[in-house]
Structure formats: C-alpha cells, structure tokens
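Taken in order, these protein sequences are the chains called A and B. Residue numbering for the first sequence follows UniProt numbering, starting at 1 and increasing by one per position. Residue numbering for the second sequence follows UniProt numbering, starting at 1 and increasing by one per position.
If you're looking for bench data, these hints aren't it; they were derived computationally from the structure. The structure displayed is predicted, hence computed values, not measured ones. Heads up, some of the hints might be wrong.
Under the rule of at most 20 Å between Cα atoms (straight-line distance), these lysine to aspartate or glutamate pairs were calculated in the EDC-like manner [stated by the list, open to error]: (1) B:464 - A:74; (2) B:247 - A:74; (3) A:87 - B:76; (4) A:27 - B:42; (5) A:95 - B:294; (6) A:159 - B:609; (7) A:20 - B:294; (8) B:657 - A:164; (9) A:181 - A:195; (10) A:73 - A:131; (11) B:251 - A:164; (12) B:357 - B:329; (13) B:468 - A:195; (14) B:467 - A:140; (15) A:95 - B:250; (16) A:73 - B:513; (17) A:135 - B:226; (18) B:611 - A:164; (19) A:87 - B:42.
Derived, one-sided and incomplete: chain A residues facing chain B with beta-carbon distance under 8 Å [stated by the list, open to error]: (20) 26; (21) 33; (22) 35; (23) 47; (24) 79; (25) 84; (26) 141; (27) 157; (28) 170.
By construction, the Cβ of each residue, glycine as well, lies at the ideal position given by its N, Cα and C atoms.
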Amino acid sequence: MKTITTIALFICTLTFGQSKYEQGMTKAFELWGQGKDTEASAMFERIAAAEQNQWLPNYYVAFVNTISSFSTKDRATVSALLDKAQKALDVEMIKNPENSEILVMQAMIYTGWVAFDPMTNGMKYSGQVMELYDKAQKLDPNNPRAVFGKAEYEMGGAKYFGTDTAPICAEIKRSLELFAKFKPETPFHPKWGQDRAEAAAKECEKK
Amino acid sequence: MKSIFTFSLLLLACIGFAQTEIKGKVTDQKGEPIPGANIFIEGAYDGTSSQDDGSFAFSTAETGKQTLVISFLSFETIKMEIDVATYQPQTIKMRESVNVLDAVIVNAGTFEAGDKARVSVLKPLDIVTTAGSAGDIVAALQTLPGTQTVGEDGRLFVRGGEADETQTFVDGIRVAQPYGSTTNNLPTRGRFSPFLFSGISFSTGGYSAEYGEALSSVLLLNTQDDPDQNKTDIALMTVGLGLGHTKKWEKSSISVNASYIDLAPYQWAIPQNVSWNRPFQQLSGEAVYRKHFEYGLLKVYVAFDSSRFDVNQESINTPTATRVDLRNDNLYFNASYKGDLGRTWQLTAGLGYGLGKNNIGLDLDDVKNTENAVHMKLKLSKRFSDRIKLNVGGDYFITDFDESYQFFQGEKLNAGYTAGIAAAYSEADVYFSKKLAMKIGARAAYNDLLHESVLSPRASLAYKLGKKAGQVSFAYGDFQQSPKADYLKYSDFHRFDNEKATHYILNYQYTRERQTLRAEAYYKDYRNLVKYDDDVPQFDSNYSNNGSGYAKGIDLFWRDGRTFRNLEYWISYSYIDSKRDYRNFPIEATPNFVANQGLSVVTKYWIEDWKSQVSLTHSMATGRPFDNPNKPGFLQDKTRAYNNLSVSWAYLLTQQKILYFSVSNVLGTQNVYNYEYANTPSANGVFQRREITPTADRFFFVGFFWTISADKKSNQLKNL
Chain A
1 MKTITTIALF ICTLTFGQSK YEQGMTKAFE LWGQGKDTEA SAMFERIAAA
51 EQNQWLPNYY VAFVNTISSF STKDRATVSA LLDKAQKALD VEMIKNPENS
101 EILVMQAMIY TGWVAFDPMT NGMKYSGQVM ELYDKAQKLD PNNPRAVFGK
151 AEYEMGGAKY FGTDTAPICA EIKRSLELFA KFKPETPFHP KWGQDRAEAA
201 AKECEKK
Chain B
1 MKSIFTFSLL LLACIGFAQT EIKGKVTDQK GEPIPGANIF IEGAYDGTSS
51 QDDGSFAFST AETGKQTLVI SFLSFETIKM EIDVATYQPQ TIKMRESVNV
101 LDAVIVNAGT FEAGDKARVS VLKPLDIVTT AGSAGDIVAA LQTLPGTQTV
151 GEDGRLFVRG GEADETQTFV DGIRVAQPYG STTNNLPTRG RFSPFLFSGI
201 SFSTGGYSAE YGEALSSVLL LNTQDDPDQN KTDIALMTVG LGLGHTKKWE
251 KSSISVNASY IDLAPYQWAI PQNVSWNRPF QQLSGEAVYR KHFEYGLLKV
301 YVAFDSSRFD VNQESINTPT ATRVDLRNDN LYFNASYKGD LGRTWQLTAG
351 LGYGLGKNNI GLDLDDVKNT ENAVHMKLKL SKRFSDRIKL NVGGDYFITD
401 FDESYQFFQG EKLNAGYTAG IAAAYSEADV YFSKKLAMKI GARAAYNDLL
451 HESVLSPRAS LAYKLGKKAG QVSFAYGDFQ QSPKADYLKY SDFHRFDNEK
501 ATHYILNYQY TRERQTLRAE AYYKDYRNLV KYDDDVPQFD SNYSNNGSGY
551 AKGIDLFWRD GRTFRNLEYW ISYSYIDSKR DYRNFPIEAT PNFVANQGLS
601 VVTKYWIEDW KSQVSLTHSM ATGRPFDNPN KPGFLQDKTR AYNNLSVSWA
651 YLLTQQKILY FSVSNVLGTQ NVYNYEYANT PSANGVFQRR EITPTADRFF
701 FVGFFWTISA DKKSNQLKNL
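Excised from the complex, chain A in its bound form:
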C-alpha cells in the first residue's frame, strides 16, 4: 500500500514538478514544431494572459505570427498576422524597452511590413530596422540574432547595387561565432537563427 502511494506521488511529481508555465511552454513549442501555428500562438497567448511577469509568451506570439506572415499569400491575413504580432510585442516593449531580443523581434515585424509592400514601406521602415538592430547590438553585444539580422537586412541592398558584400559577410561570420558561444538562459529563451546564418555564410563563400 505504501509503495503504491509512493509511486502515485512520484508520478504526480514527475508530471507536475514541472511548473504549469514550463508545461504550457513545452506544449506550445510542440504544437509549433508540428506546424500548428494557430494553436501554438493560441497556447502562447493563454500563457501570456496568465503570466504577466514573463515576457517570453508574448514574444513568441509575435514570433509565430510574424514567421507565418512570411509564408502567407492572402494580403488581408498577412496584415492581420503582423497586427497581432505587433500588439503582443507592444505589451512587452513597454515593460522591457531595453531587451535586446524584443528589439530584434520588432525589427522582424517591420521587415514583415517591408515584404508586404516594399514600395510604400521600404522607405518608411528601412532606417528604423537598422536603428533597432544597432540598439539591440548595443544592449547585448553577444546577441547573435541582432548581428545576423542586421547583416541579412543589409545584404539585399548591397547585392542589388553590387556594393562590396565583404564587410557584411564578415558580420555574418561574427554572428556564427556568437551563435556558437550563445547559451540561452532557459530552454524557452530565444535561440533561433543559427541555421539561417549558416546558410547565409555558405552563400558568402560561393563568390
């Protein structure tokens, strides 16, 4: 009898020793991994509503929606996704205006708007995107995403005008070194971007 009680309690601890927050985040990442963007965003949104002191849930609401906007064709949906991303990020931006990762996410949302309508938004956001990446780098010099994000954004224009891409490639390389050294604070903290940086570095070596 005692044993059974112990086993039952042990199972309890196993399942629930993880906090609700950790469980929820794990579940949301699982959904996202399965390509269920809407469900993942919904899960992050629920966590955000329950955990006012965590910036990550809203950060991921912004991230999931921005990323899915890149692969969405319907313009009304793209703009709704980016609006949703912006709203979620706004909540955290007010609380943590000096968070390097949040600034990088803001730059991503703007990049989404530039892709949405380059003619109108290119002029409007390009300067701001650069400024955000600069600020993000200043706040956290070891944030590989701030370094790579900026380099990637600059690459488009440089290629087009045939400007020398060597300094940009150097930055991409530097971001790879930072990626290698980067240790996320918790398993849920942002750690994305390395694969894209590697792909970009390969492109650099082609020439």
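Chain A is already provided as a structure; the job is to place chain B on it using the hints.
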C-alpha cells in the same frame, strides 16, 4: 483492487479536485463555424482551440466567476463573465473586426497617399517621381481625375471649382497662403516641398465636417511623425540648390531644409515667351520639430519664403508692355499637439499663423498687400469601441487683409477687411459591420464680417459588395465659404454672403494587390456666388450674391503595378459638364478653366540594368472655352486641345547618389490656354487677339541629389 482505487484517487487528486468541463461552439455572425479560435479562461492556463466544426471543450479546475476569452485573427475578441459552476454549453458568435485590411472604408471623394492609408491611390514616392511634376505636390495631384490642368495658373482646380475653393491644411491646420504669389498667366506652384510630408489626402468633394471654408476640395498634408534616421540631403540643380538635414534624438527630432532657386541662368540659356527683367528668384526654408511625450506628440512646423521677379507683361490693349515687379514674403507657423487622454479619449490642439506680404510694382503704380491669418483648433475624439468613434471640435479663423494702391504721383486707395469665423462640428464614424460603415456629422459656423451663421450637414455611407467585388460609397454634404479677398476687401461698401455648394457623390472602388480601380460620378450645385457688373471687381461695383452654377461629371482612375514587371502606371479620365452664372457673366456659361474631358497617363518604368527609373506623363484635355467678341454669344468658342508629354529619368549612380533629368512637353506642342481680345475692334471691324501660352514650350531640368546617412540606403528618389 483497493490499491488500484487508491492509486487512481491519488492521481486524480493531484490532477485537481473538481474539474468542470467548458464546452461550446464558435461561429461567425452567419453561423458558420470558426476553427482555430482560441478559447480560454483569462489568467489560467485552461483553454483550447476550436475544432474544424467550431466546437470546443476543455476542463478547468478554476471555480467561481471567471472571464472566458475567445479570440481569433481578424475577429473582435470576446470577453465574457461566466460562473464555472453554472456554465452551460453555448454557441458563441464572433464579429469580424473592422480594423482589417479588407474592411469597408468610407472614402467617396478622397484620394489617399501615404503610410497610414489602408488603400493608397498614390504612394509618397509618386508625388515626385511623376514626370512633369518637378517636385510640386500640386502638379502631381493634377494627374488625378477631377482636376483641371490650368497651365497658366498652376493651382488646383477641382470639379468645376475655382482654385480658391480648395483649402490646404498642414497637420489639420489651415494654410492661408498655400501658393506662391504670381501675376496674370504666369503659373505658380505649391509652397510645400514633398520632403517633410509622409501622408497626403486629397479630397475632391464630400469631405468631413472637420473641414470648412472650402467649396470644392481639401488637401490635407501631414508632416512625418518620426523621421527614419539622421541624414543630410544635398541637391544641385540647374535652377538652384537645396540642403536638408535631419537630426534625431531619443524623444525628439528636427528636420530643416533650405533652398535657393534662381531661374536667371536657365532663362538666359533657353529663350522664353516672356520678357523678363529679373527672372524668378526665391529663397525658402522649412523646419519641423517633433517631440514625443509620454502620451502625445508635439509638432512644430515653420516655413518661410521670399521671392521676386520682374516681368514685362504684354497686353493687346496697351501699346507697350506693363512692367510687373513682384516681391512676396511669406511666413507660416504651425504647432499641433496630439495626445491620449486616458484609454479612449484623444485630444488634438493646434495653432497656425500665416503672414503673406506682396509688394507689386505695376509700371509706376505700387500695390501693397498684407494678409495675417490665424487658425486655432481643438478636437476631441472619443472611441466608444472599434466600431463607434465620435469627433467633436471647434475652429476659430481670423483673417486680416489690407491692401493699398498708390497711383503714381496720385491718390492712394485703401481696401481691406478683418473677419473672424467661429465654427464647431461633430461627427461620428460608425461601422455596422466589416461591410457597412457610415460617417455622419454637421458643422456650424458664424462669420462676424458677413454676420452670417451657417449649418452644413455631411454624411457618407460605404458598403462592401463582397470579398472580391469592391465597394460602393455615397457622400453628401453642404459646403460654405466666404467670398475671396478680391471681393471681401470691399466689405466696407457691400455686405457679402457666404458662397454655397452641395455635393452628391457616388463612388465605386475595387482594389487588390497593386491594382486600384475607381469610378466616381458627382453632381455639385452652387448657390450664392458673387456677381458684379464691371470688367474687374472694384469698390464701387454693384455686387450681389445672386450667382449660381452646377458641375456634374464622371471621374475614372486605374492604377496597376502588377500586370507588367517593373512598370507602374495609372490612367485618369475626367468628364465634366459645368456652367456658372457668376462674376460678371451675362449668362450662365462654362468658365474658361473647364475642359470637358481630360486624360492623364502616368508611367514609371524601372530599368534594372541601368538602375534607372524612367517616367512618362502624358496629359491631354479637350479645348477650353473662351469668349470671342467676333461671334455672337458669350464664352462660345473653344481653344484647340491641350497636349503635353513629359519625360523624366532618374539614374542611381550609387544607392545614395541620383542623377535626374526631366523635360516637359517633349513634343513641343503649341498649347494655347486662352486668348486675350482687344477691347475695341480694328479698322476692319474685327477684334484682334493674342494667344495666352505657356512661358516656354519646354522646360529642361537636370539635378544631382546626394543623401548622406548611416544606413547608406535612403536617397532622395522620393523628393524628385
């Protein structure tokens, strides 16, 4: 057995004591299921996403009163209070959000250009990359339907209205002197460089109750809220030079630009149809300062310009030309504050001051005039929900105009007036659904010079026909404007009344990515227009407000950037039928500035290999009426058709250096705007005439534009 029971019990215990199941279904207003909606108890982790049939079910350990949240992309979020214990499964109907890209927009009569517009007809860049516009906002707007090309004047003539029937606003504050001063038949241009404006809204009728003192049209220019970065712009042009600088700080920024224009070298090199003593010369500058506060934004805009020219004006009625020596000084100041008062209230306050001074030598006579104009504005907006917004506000305009005419060694005539206009308005924006929206309001105003109160109702309605079928809208409005200074300055001798117009507009608009089709039909009724009985208005003329008129027509606009790669183009067509009995017209007739049909084709082609944008603008218009005293009747004859093909070429030397060429009227078409007839017939009984033509057949322009900024990306393409 017992042990298993204990085991399960213990497990259950750690899952939670009383699990309640929350069930239901999410649908839209029509009862169609919404899959993927997020349903959860606020502040708890408990929730789920709805299934393909809209159904949802989840269990919660929460008890008592809770907030159930239902959210889904493009739909309004629902928050409902529930008691977990008594919750019964239910169907939740969600409403589509009206703040989405494909929602209906109330826009009859209005062309939007800029960042904030959900549907832009023009992009900020267009103002300036349009060939033939030479960086003049007004010239670019003249490629839109509903406008008339009046080449000898240069101002905006909208739908059968005179140029002064259009009012210009910067950040919501009136600009009393939006154009440079000029004399007969020399075109003017807008004072504003497109440099500092990020949004332009041009309404050809049926506009909001927020704007008054305009019979035909309003042009709303908004300065940038935030410049993108620190930068310096340098422009070297065949007609002068320009310098601009923007500096950004954490919470504030300043942009300044200055330019010096001198047409002397150009007009020396290229012969003109006009005899200049001193060609046009202008020094101008603008500055915008912006400061962000915790809950609001303050903008201060200052512009000045000082210009002069000296020309010999020929006339068929005088053996020698009249020498016109004009100096104009203009100062404009505008401060506006926009801020939030709590969550749902927004306050806008502004003050504008314009000072215009002209000193005109007419041979040996001397005319001086000064206008001081003030506009104070206060507006409050209350957002009741995403669907209902109310604006209330008030305006106070003061205009003080003084003119003196000094005859050479003779008497001096003075004229002038001071008028105060107080106005209040209220307007509601109501979205009934994503498909149906309405704007309804009224404006009341009192003019203390005319001793007249007026009330002008305004209403517009828009309905979206279907997801891919475009929308129709209808607008109606009453508009009043006090007569222009040319008449009002004789207010000591005659008490004038407001001039009045009523607009009816029916609009159809279809948009999809990079394509816009607009068709608009309108009818405008004019009343109380000023009439007089002399050749030109004088202090002792017999005035009345008995004039009237109408304008009706169709405007078509098609813009396409999707059919051909790297090519953007738009086509505007206007048909208008307009007659007026006003001024000193003996009968109702079509005024000289109205051409019955107009067509503009604007193309912009980006040549990748040359890093160049080549732009062509072709404007055509049927002949304009003129009065031929050799024939019976009044304004009975027509000039030949107008034709102008302009070309420009912007070449990007590097990303930040641009070389720009433009030529207007490449084909050298001999356009005639009007004829001036002799007052008396010649010996053989025929009235002789003189053509009113452009000052030169072609205009050539070469410029070099260089931007210096940290991102090495931005350039002045948008300012060209």
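Each hint tested on the structure:
1. Distance check on the hinted pair: residue 464 of chain B and residue 74 of chain A sit about 18 Å apart at the alpha-carbon level, within 20 Å; holds.
2. At roughly 38 Å between alpha-carbon atoms, residue 247 of chain B and residue 74 of chain A are farther apart than 20 Å, so this suggested pair is violated.
3. The hinted pair formed by residue 87 of chain A and residue 76 of chain B meets the criterion: a straight-line CA distance of about 14 Å does not exceed 20 Å.
4. Distance check on the hinted pair: residue 27 of chain A and residue 42 of chain B sit about 18 Å apart at the alpha-carbon level, within 20 Å; holds.
5. Annotation: proposed proximity of residue 95 of chain A to residue 294 of chain B holds, straight-line Cα distance about 14 Å (limit 20 Å).
6. Annotation: proposed proximity of residue 159 of chain A to residue 609 of chain B holds, straight-line Cα distance about 13 Å (limit 20 Å).
7. Distance restraint check for residue 20 of chain A and residue 294 of chain B: the Cα-Cα separation of roughly 36 Å exceeds the 20 Å cut-off, and the hinted pair is therefore not satisfied.
8. For the suggested pair residue 657 of chain B and residue 164 of chain A, the alpha carbons sit about 17 Å apart, so the restraint of at most 20 Å is met.
9. Taking the CA atoms of residue 181 of chain A and residue 195 of chain A, the gap is about 15 Å. The hint holds against a cut of 20 Å.
10. Restraint check for residue 73 of chain A and residue 131 of chain A: not satisfied, since their Cα atoms lie roughly 29 Å apart, outside the 20 Å limit.
11. Straight-line distance between C-alpha atoms of residue 251 of chain B and residue 164 of chain A comes to about 34 Å, which puts the hinted pair past the 20 Å bound.
12. Using a Cα cut-off of 20 Å, the hinted pair residue 357 of chain B and residue 329 of chain B holds, with the two alpha carbons roughly 5 Å apart.
13. With a C-alpha separation of about 39 Å, the suggested pairing of residue 468 of chain B with residue 195 of chain A is violated against the 20 Å cut-off.
14. Of the pairs offered as hints, the one joining residue 467 of chain B and residue 140 of chain A is violated, with about 46 Å between alpha carbons and a cut-off of 20 Å exceeded.
15. Of the supplied pair hints, the one linking residue 95 of chain A and residue 250 of chain B holds, its CA atoms being roughly 17 Å apart against a limit of 20 Å.
16. Between the alpha carbons of residue 73 of chain A and residue 513 of chain B the distance comes to roughly 11 Å, so the proposed pair stays at or under 20 Å and holds.
17. With a C-alpha separation of about 17 Å, the suggested pair residue 135 of chain A and residue 226 of chain B falls inside the 20 Å cut-off, and the hint holds.
18. Taking the CA atoms of residue 611 of chain B and residue 164 of chain A, the gap is about 17 Å. The hint holds against a cut of 20 Å.
19. For the hint pairing residue 87 of chain A with residue 42 of chain B, the CA-to-CA distance comes to about 17 Å; that is within 20 Å, so the pair holds.
20. With its C-beta approaching chain B no nearer than about 12 Å, residue 26 of chain A sits outside the 8 Å limit, and its interface hint is violated.
21. Hint status for residue 33 of chain A: violated, given a least beta-carbon distance of 16 Å to chain B, over 8 Å.
22. Here the hint on residue 35 of chain A is broken, as its CB sits about 13 Å from the closest CB of chain B, past 8 Å.
23. Using the Cβ-Cβ criterion of 8 Å, the hint placing residue 47 of chain A at the interface with chain B is satisfied: the shortest such distance is roughly 7 Å.
24. Given the 8 Å rule on beta carbons, the hint for residue 79 of chain A holds: about 4 Å separates it from the nearest Cβ of chain B.
25. Of the supplied interface hints, the one on residue 84 of chain A holds, with its beta-carbon coming within about 6 Å of a beta-carbon of chain B, less than 8 Å.
26. Against a cut-off of 8 Å between C-beta atoms, the interface hint on residue 141 of chain A is violated, since the closest Cβ of chain B lies about 18 Å away.
27. The criterion of a C-beta within 8 Å of any C-beta in chain B is met by residue 157 of chain A, whose closest approach is roughly 6 Å, and the hint holds.
28. At about 16 Å, the closest approach between the beta carbon of residue 170 of chain A and any beta carbon in chain B exceeds 8 Å, and the interface hint on this residue is violated.
Violation of the numbered hints given earlier is confined to hints 2, 7, 10, 11, 13, 14, 20, 21, 22, 26, 28; the remaining hints are satisfied by the structure.
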